[in-house]
Structures are given as structure tokens and as C-alpha cells.
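Engineer: Sequence:
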Amino acid sequence: MTPEDYERAQRKLTRYGHYFDMNLNSKLPADIVKTKAGKIAKRQPKYDERRKDYYQSQCSFRGLKTTGSKEELMNLLKSRDIRKDLAVQAEQDDIDKAMREFEREQKRVAREQRHVRDEAWWHAATTTFEQKLPKNPRRALEEEAAKPDTFLKTSCQKVDRGHYGTNSVRYYGLDRACFELGIAYEVAAGPVDLPEGAMPRRCEIFGELGAVRREVEAFVKEANQIAAAQWKTWEAQQKAKKVAEEAKRQALYDEAKSTADWDLTGEWVVQCQELATYSSKSTPEKLSMEIFLVDDFSLNAVAADEKESEYEYDGYGEEADNSEGDDNVPEAETATDSSLSRFCARFHFGVFEGIMRICPTAATRARAASGISSSIKYNPTYEYRTRMRGADGQILIEADRYPARGMKFSDHGTKLEGDFDCPYMKGLLHFTGFKVKHGHGRQGSSASEWTALSEEAWNRAHYTRWGRGWW
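Going by the numbering used here, the sequence shown opens with residue 218, and the numbers climb by one from there.
Just so you know, not all the hints are guaranteed correct.
So the derived label-pair ranges between C-beta atoms look like this [claimed, not checked]: (1) Q261 x D311: 46 to 56 Å; (2) N353 x Q330: 10 to 20 Å; (3) N353 x P412: 57 to 67 Å; (4) K301 x Q330: 18 to 28 Å; (5) D311 x Y264: 29 to 39 Å; (6) F368 x P412: 43 to 53 Å.
No lab work stands behind these hints: they were computed from the structure. C-beta: ideal position from N, C-alpha, C; glycine also.
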């Protein structure tokens, strides 16, 4: 078979883009099923219906006409002489067999030609031992060892593998070839305890035994020196990074000091070892939150929640609020008091993410109702409630049943600390945080997210997503 014959055979195997199909009946409608009364049944046998070009191809293979509607073509195929299908299939098999034989012959010829080229390259005067070694380590070493002035008797050669795992296939079999030919062989490796981003290196050394050992010693010594320099550079970078962060934090603090009242809005980095390492002890997650000013929830509703709750809020150092007699302050009606700031915070605490509603404590609201200043710097303690999702995306409805927790701000609104109810762990988790970017009184809204994480939203998802519940 010639290449031209091969192309013609390829064209014979397909018609209208399809191969000959012996299982044609499964793509044709069966005879119409009728009821006992002689009416056409509502449910008819199903079949694998294809596009028109498929039925045209099958008609073409069988010598039938290829024009007309798809229904006409299917009727032609239903009334065909099925015995002729075997002859067509045998003809297609013969063509396919001839093509496979041609392909095998082409591959054999290509292998022979490649072998001739490789041998010519191997024996060329310009081809060096270093170039031959990756191709066939055993053959290259045998030829080198046969030379009277071979370096294998007096010195050694180093093959740098770079990082661990790099080029692992290029010199496959070098160690075994050295062992079988009686050539000294060792792998020299540098330290593996390196700064983040640095990779340990290794090399293979072969040749005369004494030379190999000296080269291994020199390589390890050099690798240790490089590792020490990498650690020194890394420590300097970490120190510079820490200085830059401190300078940035100081600039942010200085800006906060210049404002009349504390601005709690902005982006915060949160620190809590238990939350950060819940998923992975080796790679702690970054915890964060972003605080906005809002006016989309009522402080009267907050007060009602406090009455219903058995939890007695203890605050975070209420003595820092510079007021006395807080135990007997009158109850405040503060829903219309615009001087009391309310906030929301979108938080990402590792496996949890959601929204907080942050508002003044009952004591702060009572003082404001009595005419005492409600300035944040004199009332730095707030309380908050959360709604959130877990790692699997499921709404954690138990968050609605948690009591309000305390959150205290300090250093002109650039630091915070508080307690967090973790659904996956017992007890309260203490967290701290520092501001990394001022919000400058940035406004936001908590209404849509608060509703989206409610128990009602859970109930809707409970039935619409899984039908039988979350579990």
C-alpha cells in the first residue's frame, strides 16, 4: 500500500463523517405499538435517534439513495436487506486491516531511520562523552572505560541534578551502570532544612574512588555555605519586612490619633491560633475581617434580645469607659439615637465565614440616654452577634442561639480583642486583631447577608438543594 492508497482507504472508511454501523437497528424507530383497541399507544419504544447526516452515511454504505427527509431515510434503512450488511462490514474490515499493516510498516521504517541517525550522531567525532551520557549511560561508560587514558582511573565527573526530582529521567540507570562496571559512584546532597522558597540540591559523582570522595566532600561543604548564606538573606528579608510592617502600622496609628473620634471601619488582620490551625497545623490560614458603618438594624431589637437572653454580658474592661454607677443605669430607648454607631463586619475565620452585627453595649446605650458622651474612645467596648457558614458551605444555624459576645477596641481604634463561639470546638476562643487599612467611615449594609445566613434560608436550602435535608 502506498501513501496515496492509504488516503483513499481512509476516505472509504467514512461517509458523511460517520463509520459503517452494524448496530444500526438501535438507531431506528421500532414498529408502532398499538393498544388492544387498535389505537396508537402513548408510550412507544425509545431509540437512539441521530442527526440526518448519520442516516445519509448508512444509506450510502448500503447503496441506498441519500436524498429526502430524515424520516424517509430511516424508512429506507428499516426495509433494507440485512444480509448485505455482513458483506459491507467484511469489506470495511479488510480496508481497516490493510491500513493497520501500512501504519505498522511506517513505524518500523521510522524506527530504523531513527536508529541510523542516532548511530551516526553517536560515532561522530564532535559528540562528547557528556552528550552521550544522558542518552545511554551504560554504553557511554563502557566506551570511556575502554580508553587507555580514561579519566575514570584518575579523576571523577559530576552530574548536577539541580533540585530534588529535577531531570530524574535523563540519567536513569547511571548508578546501576557504575555498579556493574566497577566504577565508584556516590550521590552528594546539600541540606534540606532551608528557608521558604529555597530548594535542596544534589549531584551524582562517578569515577576514581578517592577523587569521588573528595568531590563529595567539596560539594557538601559548598552546599552548606550556600544554605547558610540563604538563611542569612532570609533573616535579613524577614527583619526588613518586620520593620516595614511596623512603620506602616505606626503611620496608621498616627493617622488614627489625628481624628476627633476613633474610626473602627477598615480592614483588619485577626489572630487566633485555634482557628488558624483548625484545618492544617503546618500551614495556618490567614484570618481577616472588614468593618463598615451601618444603620440597617435597630438597637431596640438588640435590647429585646438581651432581655430574652439568660446570658449576662460582662463586657471587656467596662471600667475603661470612664464612668461610675453603671450597675443601676436606666434602660435606654436608642433606636432613633443617631449618635450611637452600629457596625457590621464581614469576616473570614479559616473554616468559618460570615457577618457580624456590632453595636454598643447596654451600659453604653444607657449612658447615651442619660446624656453622657457616646464617643467611641470613651466607650471602646462593643458586643456582637454572628451568622456564618462552615467549611462545607452549610449555614450554621446554631450561631443564632449564641449570646452576644464582647469585642473591645484600643489604641485609637487600631487594635481589638474579643471572644468567639466556635461551633466545632468547645468553649470560647480568644482572638486579637490589628487594623491594616483605614476605612474612613466607610458605609456598608448587613441586611442581605444577614438574611441569607438565617435559619429560614437554611430551611429553604435544606429542601431545595438536597430534598431530604443537609445530611
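Engineer: Evaluate each hint against the coordinates.
Structural biologist: Hint check:
1. At roughly 39 Å, the beta carbons of Q261 and D311 sit outside the given window of 46 to 56 Å.
2. Judged by the Cβ atoms, the range 10 to 20 Å given for N353 and Q330 holds: they are separated by roughly 19 Å.
3. At about 39 Å, the beta-carbon gap between N353 and P412 misses the expected band of 57 to 67 Å.
4. Look at K301 against Q330: about 44 Å separates their beta carbons, and that is not inside 18 to 28 Å.
5. The hinted range of 29 to 39 Å is satisfied by D311 and Y264, whose Cβ atoms lie roughly 30 Å apart.
6. Look at F368 against P412: about 37 Å separates their beta carbons, and that is not inside 43 to 53 Å.
Hint compliance for this structure: hints 1, 3, 4, 6 are not met, and every other hint is.
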